[in-house]
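Participant: Produce the entire structure from the sequences given, and follow the hints as far as they go.
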Amino acid sequence: MVSADLTQTAPGVPSKGGGKVPLATAGLLIGMLLSVLDQTVVAIALPDIAAQLGGMDAIGWVVTSYVLASTATGALYGRLSDRYGRRTVFLVAVAVFVAGSALCGLAQTMPQLIAFRTVQGIGAGALFVLPTIALSELYPPRLRSRIQGFTGGVFALASVGGPLAGGGITDAWGWRWIFYVNLPLGLLAMALTAYALRLPRIGGDGRIDLAGAVLIAGATVSLLLVAEWGGRTYAWDSGVILALIAALVVLGALFVWRERRAANPLLPLRLFADRTLRVALPATALLGALLGGSIVYLPTYLRAAYGMGATQAGLALNPYVLTFMAVSSVAGARIGAGGRFKPYLLAGSLIAVLGFALLSQLRPGTPYALLAAEIGVLGIGFGLLMQNLVVVAQNAVSAADLAATTSATVSVRGLGLSLGVAVFGSLLTRELQGRVPGPRATADAIPEVLSWGAPAALVLVAFLALLPRSVNRPRSGEAAA
Numbered sequence: 001m002v003s004a005d006l007t008q009t010a011p012g013v014p015s016k017g018g019g020k021v022p023l024a025t026a027g028l029l030i031g032m033l034l035s036v037l038d039q040t041v042v043a044i045a046l047p048d049i050a051a052q053l054g055g056m057d058a059i060g061w062v063v064t065s066y067v068l069a070s071t072a073t074g075a076l077y078g079r080l081s082d083r084y085g086r087r088t089v090f091l092v093a094v095a096v097f098v099a100g101s102a103l104c105g106l107a108q109t110m111p112q113l114i115a116f117r118t119v120q121g122i123g124a125g126a127l128f129v130l131p132t133i134a135l136s137e138l139y140p141p142r143l144r145s146r147i148q149g150f151t152g153g154v155f156a157l158a159s160v161g162g163p164l165a166g167g168g169i170t171d172a173w174g175w176r177w178i179f180y181v182n183l184p185l186g187l188l189a190m191a192l193t194a195y196a197l198r199l200p201r202i203g204g205d206g207r208i209d210l211a212g213a214v215l216i217a218g219a220t221v222s223l224l225l226v227a228e229w230g231g232r233t234y235a236w237d238s239g240v241i242l243a244l245i246a247a248l249v250v251l252g253a254l255f256v257w258r259e260r261r262a263a264n265p266l267l268p269l270r271l272f273a274d275r276t277l278r279v280a281l282p283a284t285a286l287l288g289a290l291l292g293g294s295i296v297y298l299p300t301y302l303r304a305a306y307g308m309g310a311t312q313a314g315l316a317l318n319p320y321v322l323t324f325m326a327v328s329s330v331a332g333a334r335i336g337a338g339g340r341f342k343p344y345l346l347a348g349s350l351i352a353v354l355g356f357a358l359l360s361q362l363r364p365g366t367p368y369a370l371l372a373a374e375i376g377v378l379g380i381g382f383g384l385l386m387q388n389l390v391v392v393a394q395n396a397v398s399a400a401d402l403a404a405t406t407s408a409t410v411s412v413r414g415l416g417l418s419l420g421v422a423v424f425g426s427l428l429t430r431e432l433q434g435r436v437p438g439p440r441a442t443a444d445a446i447p448e449v450l451s452w453g454a455p456a457a458l459v460l461v462a463f464l465a466l467l468p469r470s471v472n473r474p475r476s477g478e479a480a481a
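Anchor point for the sequence shown: position 376 equals 376 in my numbering, and the numbering is continuous, going up by one each time.
Calculated from the structure, these hints are not laboratory results.
Values in this document were obtained by computation on a predicted structure and should not be read as measured data.
Every residue gets a Cβ at the ideal spot worked out from N, C-alpha and C, and that includes glycine.
Heads up, a few of these hints could be off.
Stated by the list, open to error - Label-pair distances were calculated between CB atoms; the ranges are:
hint	residue 1	residue 2	range
1	Val249	Arg275	45 to 51 Å
2	Gly54	Gly239	26 to 32 Å
3	Pro343	Val436	44 to 50 Å
Facilitator: And the structure:
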């Protein structure tokens, strides 16, 4: 529950305060929960879906189509909300997500389901970005880190709880209800935000940089497909992979060219003149990759090493989820006022190094109690890092650039998460080569894969060491923290 202290808003911003702020917060967090949950909730039901609809050779696209659509569209929503308002764009995005969910539940063939999951993903692209922006505007700077800590908890709960929820729903009512349950939750999010969310428009009537949005979406999809297909579906020197790499380079170059000339660019390149953002954005991408690799492959390890079912594996990840949520909330409450994020971020990245190093030492017969302690360590590290990096980026820019910066930060993290899943998957495929297939081989291979997280987290430490000592830029209409 949001405390009374959190309802105190920044001076000079009309129609934000009073008792409606907690309701608006609840509506935004429900939307955020849905967007993350639907990345993972479907995975556990894929065998049931394939059994009923057929198309086993395309089953992976039920997940991939959603991730591609949500990642590729995320950067656009910040600018759209500058022009048309946070509430209006959020409501439209939730409506698209709800419509896509209903269509997914009604799908009769695999191609239909993949198409409707794409629709769902287009709506979901806004459902983490816009709450992150709006919550930063609903609360004053001194409370921003605390409230963003709640969003980190929502991310952890939805990411790890998705397979658990998916398994329970599928067993009780069938796979179609994985999508139908989004309807009442989505409608509740719409009702709460329609009633309670009141924020002024920031960007006036400037034209939306649709050309930039198309270019960055194309580059994002090309990059994700290279990571997903390279070395597994297609050889690295195959025509498909080389064509995707060429598309990535060309589209990326055209995007930079476009942003230099656009009157109202999707991602103003002046942001990269800021030292903080030059560090925060790549650090956020790397953090996303580490999150993706651990969230996806820790449940797989629990099932392979301990013979757990999906529900048991989900429950066994509670030490990870609970420490993540607790630290994210508590650290956010302590950090915000002085803007001294750097010590906490460095501590979080060093703890992440320790967590991955410990997990790399897992062996057959490791007691679950020891594993629980190790994943708890990882949860502490990520809890200190995830949303505080977003707040660091937000605090480095003016109000006019808040939406573009937040969209870029959240989108980069989502891209990193998707790349992390793909890269860790490629490493797992490599580790399994030459081993006798089975749970034992998987249990032996995953610690070797997780060992790569330790040096990657060390790179994250190096990035964060480059941050300025404090980041806190007052904005128009806001009191300095």
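Participant: State, for the Cβ atoms of Pro343 and Val436, whether the hinted interval 44 to 50 Å holds or is violated.
Facilitator: For Val436 against Pro343, whose Cβ atoms are near 47 Å apart, the range 44 to 50 Å holds.
Participant: Quick check: does the Cβ-Cβ distance between Val249 and Arg275 fall within 45 to 51 Å?
Facilitator: violated, 27 Å
Participant: Could one say that the CB atoms of Gly54 and Gly239 fall in the range 26 to 32 Å?
Facilitator: Given a distance of about 29 Å, which is inside 26 to 32 Å, the answer is holds.
Against the hints set out earlier in the document, a violation occurs for number 1 only.
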